[in-house]
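A.B. asks: Below are the chains, spelled out letter by letter.
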Amino acid sequence: MKKQEKNKVFLPPKKSIMYYIKKDWQLYVLIALPLLFVILFKYAAYPGLRMAFMDYKPAKGYAGSDWVGFEIFQKIFRDGDFIRALKNSLVFNFLDLLVGFPVPIILAILLNELKFPRFKKTSQTILYLPHFLSWVIVASVGYTLFKPETGLINILLRNQGLIQEGIPFLTEKYRWAVTYLLIGVWQTMGWGTIIYLAAITGISGELYEAATVDGANRFRRIWHITLPGIKSTTITLLIMNLGRVMGSNFERLDSFGNVQVRDFQYQLAIYVYEKGLSSGNFSRATAVGLFQSLVGLLLVLLADKFAKSIGEDGLI
Amino acid sequence: MNKKKKNVEFAESQGTSKIKVGDIVIMVIITLLCLTCILPFIHLAAKSVSSNTAVLSKSIFLLPKGINFDAYISIFKDGQLTHSMVYSVLVTVLFTIVGLILTTCAAYPLSRKNFKGRNIFALLLLFSMYFSAGLIPEYLLMKDLGLLNTMWVLILPLAFSPYNTLIMKSFLQATIPDSLEESAKLDGATNFQILFRIVLPLSKSIIATLALFFAVGRWNAYADAKYYITTKALQPIQYLLSNMVLNSSSDSVSLSEAAQVVSTPEVLQAATIMFATLPIICIYPFVQKYFVKGVMIGAVKG
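Protein chains in written order, with the working numbering: chain W, 1 to 316; chain C, 317 to 618.
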C-alpha cells in the first residue's frame with residue numbers, strides 16, 4: 001500500500017503506449033520474431049482442437065464434419081485401450097519419479113563430498129554424458145548389453161556360472177519394467193545433479209565448520225546441514241516433476257518397445273500416435289491429447305499454487 | 317571449493333588424517349557409476365572393429381580382437397547412412413542458428429526491466445510450454461503450412477524454445493548489471509547497439525551452452541521425423557537408426573545387400589551406433605566446460 005502511494009507521488013503522469021513503442025521500438029521488433037513463430041507453429045494448431053468435439057472425417061474437413069459434443073470423450077473413457085494406456089502412463093511415470101527423483105540428490109551429495117577437485121570434475125563430465133545421447137542410442141546400447149543370448153551382461157553372468165540361461169531383461173514385461181526404469185534413472189542421474197550442486201554451493205561453509213567443532217561426523221553434517229540447505233530446491237523440482245505425471249516420452253517408449261512387452265509399453269503417447277497417425281482416428285487421438293494437455297496444465301497450476309502456499313518461489 | 321579447503325585444513329589441524337574410509341567408499345561408488353557410463357561404449361567400439369568370428373564366439377568385452385574396419389567401410393559404401401549423416405548435420409546446424417537467433421530475440425527484451433508489456437509477452441511466449449494442441453492438430457497444421465516431407469518441418473516448429481529462453485533470460489538478468497545498460501543508454505546507444513556491442517559479447521558462455529542444447533536436441537530427436545516425414549532421403553540419422561537397429565527390419569537387410577557387407581549384423585549394428593554417436597562425442601568436450609556454469613546461473617535464479 002505504502003509503496004504504491006509513494007509511487008504515485010514520484011512517477012510522472014502515465015505515458016501512452018506510443019511513447020514506449022517509440023522509445024523501445026527495437027525491442028518490440030526483436031520480440032516480434034519469436035512471437036510470430038509461436039503464433040504460427042503453436043497457437044495456430046489450437047483451433048484444430050475442435051476435432052475432439054466433432055466426428056471428424058478428413059475427407060470432409062471441419063465444415064463437413066458433424067459436431068458431437070462430448071461423445072468422443074465418453075467413447076474414450078469407455079475404451080479399454082485408453083484405460084490401459086492411462087493406467088500404464090500413470091504407473092510408470094509415478095515409478096519413474098519414485099525411483100529417479102532421489103538419485104540425483106544422493107549423487108550430488110556424494111559428488112560434493114569428493115576430496116580431489118580433478119577427480120570430481122572428471123567424474124561429473126562422465127556422468128553428464130548419457131543425458132546427451134538419444135533414446136535410440138541408449139536403447140540400442142541397452143539391447144546390446146541385455147539380450148538373452150548375445151548380450152554382454154548375460155554372457156558375463158553365464159561365464160561366471162551364475163545363470164544357466166540368458167535372462168530376458170528387455171523381452172519379459174516385468175523384467176522390462178525394471179530395466180526400462182533403471183536405464184531411465186541412469187540416463188538422467190548425472191544431469192540432475194547440476195541444480196542440486198548449485199544449491200549446495202550456496203550453503204555457507206561456516207555452518208560445516210561449526211558443526212565439525214561440535215563434533216558432528218560426516219553423516220550428521222549431511223543430515224543437518226546439506227539436506228536442509230537444498231530443501232527448497234528439492235521441493236520446487238519435486239512439484240515440477242509431479243506436474244509431468246501425465247506425459248510420457250514417445251521416443252523412450254518407442255525405442256524400448258517390442259511385441260513381448262506391449263502390455264506395459266502401451267502408454268498415452270503410443271496410444272495417440274497409433275490411433276491418430278497410424279489408424280487415422282483423428283478425433284479420438286485429439287480428444288486424448290486434449291485430456292492429457294488439460295490435466296498436465298491443471299497439475300502445473302496446482303503445483304505452483306501449492307509451492308507458493310508453503311512459501312516456495314513457485315514455477316510460473 | 318573454498319569451503320571444502322577450509323574443511324580439509326580444519327580436519328588437519330584436528331590431527332585427523334586427510335582421507336578417511338568414507339572418502340574411499342564414496343570414490344569407489346562414483347567410479348563405478350562413471351564406469352557404467354563409459355564401459356558400454358567401449359564395449360561397442362571394441363565390437364565394431366573386431367572380426368566376425370571373435371564377435372560370434374562372444375569373446376569381445378572391452379578390447380577388440382582381429383581388428384578390421386569392414387563394418388565402417390560398408391557404412392560409407394552404402395551411402396544411405398552417410399547421406400543421412402550429412403543431412404542431419406545440415407539440419408542440426410540450421411536449427412541451432414535459427415534457435416539461437418529466436419532465443420536471443422526473446423530473451424533480451426524480456427530481461428529488460430523497463431520494457432513495457434514484458435509480462436504479457438512472456439506469458440504469450442511461455443504458455444505453449446504448458447499447453448500444446450497435441451499430435452493431430454499439429455500434424456494437420458504442418459500439412460496446411462505445406463511443411464510435410466520437407467527439411468523445414470524439422471527446423472522451424474521447434475526452433476523457438478521457451479525453456480532455453482528462460483535460461484538465457486535468467487542468465488542476462490544475473491550477469492549483466494543494469495547500470496551497464498543504463499550508462500550505454502546515456503551515451504546514446506540504441507537497444508540494438510547495446511545488444512550487439514555489450515550483451516552478446518558478455519554472453520558467450522550461455523550462447524555456447526544453448527547452442528549445445530539446441531544441437532543435441534535436434535540431433536537426437538526423431539519422433540517428429542516419424543510423424544511428419546515419409547520420404548526416405550529426408551529422414552535424419554536417428555530415425556534411420558531406429559529403423560535399422562531397433563526394428564531390425566528390412567532396412568538393415570537393404571544395407572547389407574547394397575554394400576555387399578562382409579560383417580555380421582552384430583558388428584554392423586555396433587558400428588552404426590558408434591557412427592551416429594560420434595558427432596556428440598566430438599563436440600561434447602569442447603562445450604561441456606561452459607554448460608554447467610550456464611545452466612547453474614540460469615537454474616538458480618530462474
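Hints were generated in silico from the structure; no laboratory data involved.
Among the hints, erroneous ones may be present.
Computed list of lysine to any residue pairs in SDA-like fashion (alpha-carbon distance at most 20 Å, straight line) [stated by the list, open to error]:
#1 W:Lys22 / C:Ile436
#2 C:Lys374 / W:Gln164
#3 W:Lys147 / C:Arg434
#4 C:Lys605 / C:Glu498
#5 W:Lys23 / C:Arg434
#6 W:Lys115 / W:Glu209
#7 W:Lys115 / C:Cys350
#8 W:Lys305 / C:Leu372
Cβ-to-Cβ under 8 Å is the rule here; a few derived chain C residues that face chain W [said to hold, decoys possible]:
#9 Pro356
#10 Gly450
#11 Met467
#12 Arg513
#13 Pro517
#14 Leu518
#15 Ala586
Some chain W residues flagged as far from chain C (calculated, every beta-carbon gap over 10 Å) [to be verified]:
#16 Tyr20
#17 Val38
#18 Lys42
#19 Pro47
#20 Leu97
#21 Lys115
#22 Arg118
#23 Ile126
#24 Tyr128
#25 Gly184
#26 Arg218
#27 His224
#28 Pro228
#29 Phe264
Each residue gets a CB set at the ideal place from its N, CA and C atoms; glycine is no exception.
A.B. asks: Are the hints correct? Go through all of them and say.
C.D. replies: Evaluation of the provided hints:
Distance restraint check for Lys22 (chain W) and Ile436 (chain C): the Cα-Cα separation of roughly 18 Å lies within the 20 Å cut-off, and the hinted pair is therefore satisfied. Restraint check for Lys374 (chain C) and Gln164 (chain W): satisfied, since their Cα atoms lie roughly 16 Å apart, inside the 20 Å limit. For the suggested pair Lys147 (chain W) and Arg434 (chain C), the alpha carbons sit about 54 Å apart, so the restraint of at most 20 Å is broken. In summary, the hint linking Lys605 (chain C) to Glu498 (chain C) is not supported, as the alpha carbons are separated by about 31 Å, beyond the 20 Å threshold.
For the hint pairing Lys23 (chain W) with Arg434 (chain C), the CA-to-CA distance comes to about 14 Å; that is within 20 Å, so the pair holds. For the hint pairing Lys115 (chain W) with Glu209 (chain W), the CA-to-CA distance comes to about 16 Å; that is within 20 Å, so the pair holds. Taken as a hint, the Lys115 (chain W) and Cys350 (chain C) pair is honoured in the structure, with Cα atoms around 17 Å apart against an allowance of 20 Å. Restraint check for Lys305 (chain W) and Leu372 (chain C): the C-alpha separation of about 58 Å exceeds 20 Å, so the hint is violated.
Restraint check, Pro356 (chain C) versus chain W: the minimum CB separation of about 5 Å is within 8 Å; hint holds. With a least beta-carbon distance of about 2 Å to chain W, the hint placing Gly450 (chain C) at the interface is held under the 8 Å criterion. A cut of 8 Å between beta carbons decides the hint on Met467 (chain C): the least distance to chain W is about 15 Å, and the hint is violated. Annotation: Arg513 (chain C) was flagged as interfacial toward chain W, and the flag is violated, the nearest CB pair being 13 Å apart, outside 8 Å.
Residue-level restraint check for Pro517 (chain C) is violated (minimum Cβ-Cβ distance to chain W is 17 Å; threshold 8 Å). Because the closest C-beta pair between Leu518 (chain C) and chain W is about 17 Å apart, greater than 8 Å, the hint is violated. Because the smallest distance between the Cβ of Ala586 (chain C) and any Cβ of chain W comes to about 7 Å, under 8 Å, the interface hint for this residue holds. A beta-carbon of chain C comes within 10 Å of the beta-carbon of Tyr20 (chain W); the shortest separation is about 4 Å.
Consistency note on Val38 (chain W): stated as away from chain C, yet its beta-carbon is not over 10 Å from all of that chain's, at 6 Å minimum. With a cut of 10 Å on Cβ distances, Lys42 (chain W) falls inside the contact zone with chain C, its closest approach being about 4 Å. A Cβ of chain C approaches the Cβ of Pro47 (chain W) within 10 Å, the least distance being about 8 Å, so the stated non-interface status is violated. Listed as a non-interface residue, Leu97 (chain W) keeps its Cβ farther than 10 Å from every Cβ of chain C; the least gap is roughly 19 Å.
Chain C draws Lys115 (chain W) into its interface by the beta-carbon criterion, the shortest separation being 6 Å against a cut-off of 10 Å. In this structure Arg118 (chain W) is separated from chain C by more than 10 Å, as the shortest Cβ-Cβ distance comes to about 12 Å. Not every CB of chain C is more than 10 Å from the CB of Ile126 (chain W) (nearest about 4 Å), against its label as outside the interface. For Tyr128 (chain W), the non-interface assignment is contradicted: its Cβ lies about 7 Å from the closest Cβ of chain C, within the 10 Å cut-off.
The non-interface label for Gly184 (chain W) is consistent with chain C: the shortest C-beta to C-beta separation is roughly 14 Å, beyond 10 Å. With 10 Å as the threshold on Cβ separation, the claim that Arg218 (chain W) sits away from chain C is violated: the shortest Cβ distance comes to roughly 6 Å. Taking the minimum C-beta to C-beta distance to chain C, about 15 Å, the non-interface status of His224 (chain W) holds against the 10 Å cut. At roughly 16 Å from the closest C-beta of chain C, the C-beta of Pro228 (chain W) stays outside 10 Å, upholding its exclusion from the interface.
Listed as outside the interface, Phe264 (chain W) is consistent with that label: its C-beta sits roughly 17 Å from the nearest C-beta of chain C, beyond the 10 Å cut-off.
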